[in-house]
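Using the sequences and the hints given, assemble the complete structure.
When we follow numbering that gives the first Met the number 0, the leftmost residue of the sequence shown carries the number 0, and every step to the right adds one.
Rather than coming from a laboratory, the hints here were simulated on the basis of the structure.
Just so it is clear, the structure is predicted and the values come from calculations on it, not from any experiment.
Be careful, since some hints might not be right.
What follows is a set of in silico ranges between Cβ atoms, one per label pair, in the way DEER data are often shown [stated by the list, open to error]:
#1 Leu141 - Gly278: 24 to 30 Å
#2 Ala178 - Ala329: 51 to 57 Å
#3 Ala74 - Gly322: 44 to 50 Å
#4 Asp309 - Arg196: 23 to 29 Å
#5 Arg177 - Arg16: 28 to 34 Å
C-beta: ideal position from N, C-alpha, C; glycine also.
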Amino acid sequence: MPFDPFERVAVGRTDLRVTRLGLGGASIGGLFEAVPTDAAIGLVEHAWEIGVRSFDVAPLYGYGASERRLGHVLAARPRDEFVLSTKVGRLVRRAWSVKPGEDVDRQGDQARDDAFYAATVGRRVVFDYSADGVLRSVEASLDRLGLDRIDILYIHDPDDHWQQALDGAYPVLDRLRRAGVVGAIGAGMNQTAMLTRFATETDIDVVLVAGRYTLLDQSAAEDLFPVCRARGVAVIVGGVMNSGILADPGREARYDYRLAPAPMVERANRLEATCARHGVPLRVAAIQFPLAHPAVTGLVAGVRTGAHLDEYPAAMQADVPAGLWEELRAEALLEPGVPTPP
Numbered sequence: 000m001p002f003d004p005f006e007r008v009a010v011g012r013t014d015l016r017v018t019r020l021g022l023g024g025a026s027i028g029g030l031f032e033a034v035p036t037d038a039a040i041g042l043v044e045h046a047w048e049i050g051v052r053s054f055d056v057a058p059l060y061g062y063g064a065s066e067r068r069l070g071h072v073l074a075a076r077p078r079d080e081f082v083l084s085t086k087v088g089r090l091v092r093r094a095w096s097v098k099p100g101e102d103v104d105r106q107g108d109q110a111r112d113d114a115f116y117a118a119t120v121g122r123r124v125v126f127d128y129s130a131d132g133v134l135r136s137v138e139a140s141l142d143r144l145g146l147d148r149i150d151i152l153y154i155h156d157p158d159d160h161w162q163q164a165l166d167g168a169y170p171v172l173d174r175l176r177r178a179g180v181v182g183a184i185g186a187g188m189n190q191t192a193m194l195t196r197f198a199t200e201t202d203i204d205v206v207l208v209a210g211r212y213t214l215l216d217q218s219a220a221e222d223l224f225p226v227c228r229a230r231g232v233a234v235i236v237g238g239v240m241n242s243g244i245l246a247d248p249g250r251e252a253r254y255d256y257r258l259a260p261a262p263m264v265e266r267a268n269r270l271e272a273t274c275a276r277h278g279v280p281l282r283v284a285a286i287q288f289p290l291a292h293p294a295v296t297g298l299v300a301g302v303r304t305g306a307h308l309d310e311y312p313a314a315m316q317a318d319v320p321a322g323l324w325e326e327l328r329a330e331a332l333l334e335p336g337v338p339t340p341p
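Structure below.
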């Protein structure tokens, strides 16, 4: 059995221990399409029933909806039995309260055809990495979750806000950690360069890197992972399906939240064909691969249904012939030197 999905693994140098498989809350917040509340709650309940004890969410996900849905289930569970992470850097606001010139996250604007989250009309998300914004974000998250504490706080997507995140958000998170209010702090992003800066220039405990260590993109192994290993920073990987293309690499597949470019679809099809020659579904290889790196503590699965979630523990425990990984390397579909599952 290559990987035990429900094994408890330490988060870097902290006392927290997460299950190797965690549930991510973006999809149940309505990423790309609306998810009914009862279906979202049912998924969280199913995750608990099968043994998942690590849950990741953010105010961005459904503009607060995902935190409420997770909290509905987790607030009734023994608090010391699970690890919950959420994020700071965006505040959920009523649309009428947003003043002209405020730093609105335009990707969520419902006037756009490519808005990421469904069913968010009447709400907006405003970037705010200031000290005051972080404290307001934590208070609002606790209220939506209905919990008395958060275990891991991430600075969320500060791509265009590095200095404010460094000078405003990080010191507050550090104080909350020193006071014992949170157990660990870190940053969560879809890029590796800035995460590497966080791991190098601050004293964070963990990074959540989405989409940058997958069968399609192993760039995190070049810069981020060596620094994390050297400094004792845990790594949680998300987006192992690269927004869906590694689950179904068809013409309408998404990559990095957008319609996948033709070269990426072609590469995904090559991956799928190679997997098929060894009798392995592409998604099984996509789930197992990132867990083989010694820097990786675990992964979060962003799914909408219990059936999709069940694919993850099955894939993590599946027997995959070594010949598959050897052929992927021979076909230059894996970067030289990246580790593969046993």
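Status of the hints after comparison with the structure:
no.: 1; hint: Leu141 - Gly278: 24 to 30 Å; in the structure: violated (47 Å)
no.: 2; hint: Ala178 - Ala329: 51 to 57 Å; in the structure: holds (53 Å)
no.: 3; hint: Ala74 - Gly322: 44 to 50 Å; in the structure: holds (47 Å)
no.: 4; hint: Asp309 - Arg196: 23 to 29 Å; in the structure: violated (37 Å)
no.: 5; hint: Arg177 - Arg16: 28 to 34 Å; in the structure: violated (21 Å)
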